[in-house]
Amino acid sequence: MLNIIKSDLYRIFRGKGIYIAIILMFIIIGVSVFLMSPGYIGTTVMIDEDTNQGMTPEYLELMEKVSKANNILDIREIMKEHAEFDLDKQIIGANTNLYYLFIVVVFIVICVDLSDSTAKNTLSSAISREKYYIAKVCTVMIIGVFMTLLNNYGIYFLNIIFNGKSFSSDFIEFTKYTIIQIPIILGMLSILIGIAFITKKKALFNGLTIPLLMIIQLILQGAITIFHLEQTIMTDWELQYMISNLANNPSTEYIIKASLLAIFYVIIFNLLGYYSFKKSEIK
Amino acid sequence: MIFIICLLIVIILMLFLYIFILKKEIKRIASRVGNVRSEDSNALINKELEEKNLVILIKEINNTISDINKKEINMNIKTEELKKMITNTAHDLRTPLTSAIGYIELIQDNDIAEEKKEKYIQIILERLQKLSYLITNLFEFSKMISNDNKIEMKEENLIEIIEGCIANFYDDFIKENRQINFKHKNSKVEIITNKSLLARAFDNMIINAYKHSKSNLDIEIFEENGEVMIKFINKLEDNNLDINLIFEKFYTTDISRTNGNTGLGLAIAKEFIKLTNGNISAIKEDGLLKMIVTFTNIN
Amino acid sequence: MNEIILKTNNLTKKYKEFIALDNVNLSISKGDIYGLIGRNGAGKTTLMKIITTLSNKTAGEFELFGKKDNNLTETKRRIGCLIENPAFFPNLSAVNNLKYYAIQKGIVDNKQIDEAIELVGLSEAKNKKFKTYSLGMKQRLGIAFAILDNPDFIILDEPINGLDPIGISELRDLFKKLNLEKNITILISSHILNELYQVSNKFCIIEKGKVIKEITKEQLDEECSKCIVIKTNETSKVAVILEEQLKTKNYKIIDNTEIRLYDYLENSSKVNKTLIKNDIDIISLYESGITLEDYFKTIIKEGK
Chain D
1 MLNIIKSDLY
11 RIFRGKGIYI
21 AIILMFIIIG
31 VSVFLMSPGY
41 IGTTVMIDED
51 TNQGMTPEYL
61 ELMEKVSKAN
71 NILDIREIMK
81 EHAEFDLDKQ
91 IIGANTNLYY
101 LFIVVVFIVI
111 CVDLSDSTAK
121 NTLSSAISRE
131 KYYIAKVCTV
141 MIIGVFMTLL
151 NNYGIYFLNI
161 IFNGKSFSSD
171 FIEFTKYTII
181 QIPIILGMLS
191 ILIGIAFITK
201 KKALFNGLTI
211 PLLMIIQLIL
221 QGAITIFHLE
231 QTIMTDWELQ
241 YMISNLANNP
251 STEYIIKASL
261 LAIFYVIIFN
271 LLGYYSFKKS
281 EIK
Chain R
1001 MIFIICLLIV
1011 IILMLFLYIF
1021 ILKKEIKRIA
1031 SRVGNVRSED
1041 SNALINKELE
1051 EKNLVILIKE
1061 INNTISDINK
1071 KEINMNIKTE
1081 ELKKMITNTA
1091 HDLRTPLTSA
1101 IGYIELIQDN
1111 DIAEEKKEKY
1121 IQIILERLQK
1131 LSYLITNLFE
1141 FSKMISNDNK
1151 IEMKEENLIE
1161 IIEGCIANFY
1171 DDFIKENRQI
1181 NFKHKNSKVE
1191 IITNKSLLAR
1201 AFDNMIINAY
1211 KHSKSNLDIE
1221 IFEENGEVMI
1231 KFINKLEDNN
1241 LDINLIFEKF
1251 YTTDISRTNG
1261 NTGLGLAIAK
1271 EFIKLTNGNI
1281 SAIKEDGLLK
1291 MIVTFTNIN
Chain G
2001 MNEIILKTNN
2011 LTKKYKEFIA
2021 LDNVNLSISK
2031 GDIYGLIGRN
2041 GAGKTTLMKI
2051 ITTLSNKTAG
2061 EFELFGKKDN
2071 NLTETKRRIG
2081 CLIENPAFFP
2091 NLSAVNNLKY
2101 YAIQKGIVDN
2111 KQIDEAIELV
2121 GLSEAKNKKF
2131 KTYSLGMKQR
2141 LGIAFAILDN
2151 PDFIILDEPI
2161 NGLDPIGISE
2171 LRDLFKKLNL
2181 EKNITILISS
2191 HILNELYQVS
2201 NKFCIIEKGK
2211 VIKEITKEQL
2221 DEECSKCIVI
2231 KTNETSKVAV
2241 ILEEQLKTKN
2251 YKIIDNTEIR
2261 LYDYLENSSK
2271 VNKTLIKNDI
2281 DIISLYESGI
2291 TLEDYFKTII
2301 KEGK
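Residue numbers (my numbering), protein chains in the order written: chain D, 1 to 283; chain R, 1001 to 1299; chain G, 2001 to 2304.
Hints are computed from structural coordinates only; laboratory data are not their basis. Certain hints may be false.
Derived lysine to aspartate or glutamate pairs resembling EDC-like cross-links, with alpha carbons at most 20 angstroms apart [as the list claims (entries may be wrong)]:
| # | chain 1 | residue 1 | chain 2 | residue 2 |
| --- | --- | --- | --- | --- |
| 1 | D | 278 | G | 2074 |
| 2 | G | 2182 | R | 1067 |
| 3 | R | 1235 | R | 1203 |
| 4 | R | 1130 | R | 1118 |
Since the model is a prediction, treat every value here as computed from it, not as a measurement.
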């Protein structure tokens, strides 16, 4: 099983796909850090007023000055003079962006192998389907966590370089927040893995996963509106909100809630993926 | 403080984990070796953990397995050769023996003229001599495949050896109005070799020319670039001769087999020449069969 | 005497209503080169997929190296296979593709990769990316993969597809060499009987998922070979005449009324004349023998 992980890592880091994903990641980080504001792919999430600094008079004054500024460099000057907050924590609150990069990772590790039939070479040798599945899951998770760490610490150090210590949080604290995010990241990865093993085809996988996040948000929001459900279902449990919440002084209770959800995702989607895979024909 | 303790605990746990993984891998390797031994398999041991010393261990085990497999294959080849040899020899020995017995019975049963008796006795002698020759071939062949003897190599005069061999068969050739022509520039060509092995090799080559051709036999020696080349040339009788097979054991053309040849003469010649650090090859050219023996260890 | 490598017992595979394999019984012994012949869609690939666990059987059993089909994970190590189209990573070269699988299999000695590539004749193109390969080259890489890890049994699904005559001949020599030198058992499928005939020692003809016939090469030769069939009641007399007057031992006494002569195939009239001259009562004398294709067609028809 270790061999399969090793061989996939060999193959992936020999190809181009992963490096493009990492470069894209750094571009997004760079832009976020430079603009001093977290960038979201897809639907912009309005950070709830209660969990943020609040609309203090200083904040309003700041925003007025910012809106009068003409270009980004001026904005940066103004921000640096007048504001002071943990920018890096805010940026990692937007880590749901990593979902789209994870699609690339799962695609390269799993979809390519199943869709192009190279899996038959592996499965006809001395490996059972269980070990194959577990190996793929491990590979995806290793790369996923690696990219998350790269992402987070990239943000941390770029932020210090560009914006100075006043916008940066304490290293230990930042590490704590990173670690808190890991379970739900694993949950995200498991969803993608499960879908990959169920669909087995490259086009179907892409077609399903790319809009998935947005579709779920729409459905959830729609259900909440139509059935008059609690808005907190959305703000506490939906993925994008959850990651943003976890970066914003979450309570221990919330951290536990999030971890349980993550474990739930990991177990359910992997079981689904595995049972679909076990019975299937290898093309 | 707590942090350091936690860190130490984590490190210790990881060390234990590593030891556990190592042990598992060692167990797995042992189990694989057991499997490969009991199955009759080409498989070698593979690795599942990237640990330098274990990998070296696996490589050495694989080398050992390969060696054992090679030895087994060699043994099988030798056993097959032996089986073939026994079958062929039984067949080949029976023919002249039956024939000789037939003639003896002829002499015993009937009243026949003295001349005829003489003639029959001569034939019987020839048959038995052929039998003797075949048995000698057999012994040499068995010596060859048992590889027991240590070969002594010393300085000898190649010209002398060849002349000695020619002398053995000169009469046979003359009786059929054929010549053996030996062309050499010097009267001495010294090489390090084993005299009896080389002599037997040349004997067999001359016998081969005698039996399978009706023409003269030309033997030529050349010295060039530290090499000695000896050429045996005679006219080719059977154009179907497969030049790639003539040094193979038991190869004879169909007609020859029925005349009681074992097909071993040239195989023995080749083996003996190899044992004395020489090389032998053959080509067909213009209706002639040329066999070339090369030595590179002259003084 | 020989170990049985593969044995299937009423192996059946159904896709909903369609029966892909119907109670297939066959047996492959160690050292065989076993030719699986059938038309397109006859079930050859399906069979191969089931015995390599790429596909699940519907009913029946099979044993690989004597191990039952639910316990094959370790045994699969001894197999190498090329099934359907050779599938490799387009952006990696041949060497790197094989290196990927070498890491996967835990191969310790990387020389095995170069040896496999050389054996199939891909040394020149070994560093070019797989997506640039012609069909023949892809096929060769597939075969290199099959022999990569010293298998005892290799399963090849139409390996000569897309190869030119020289390539086919080289592969044929490779198969024979692997079979003789390393005692590797080979299962080859094809729809070209002539090609399989040159390498295999056993054949299995399959049509619509059913095994129509399992036959050895000797039996095939007998049923197909050109010969002069002499039908007569005086078979022993004819035998003597064949040996003494026609100087041939190349005949076979089939039964009390039939001798088959494998000599004088161009000159049956001479045989006829000689027998008549010796007062033999000939019931009939004719030339026989069919091509492999015709034999194949007949068998398929009979199987229907």
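Hint check results:
With a CA separation close to 18 angstroms, the supplied pair residue 278 of chain D and residue 2074 of chain G stays within the 20 angstroms bound. For the suggested pair residue 2182 of chain G and residue 1067 of chain R, the alpha carbons sit about 14 angstroms apart, so the restraint of at most 20 angstroms is met. With a C-alpha separation of about 18 angstroms, the suggested pairing of residue 1235 of chain R with residue 1203 of chain R holds against the 20 angstroms cut-off. Our distance criterion of 20 angstroms between C-alpha atoms is met by residue 1130 of chain R and residue 1118 of chain R, whose separation comes to about 18 angstroms.
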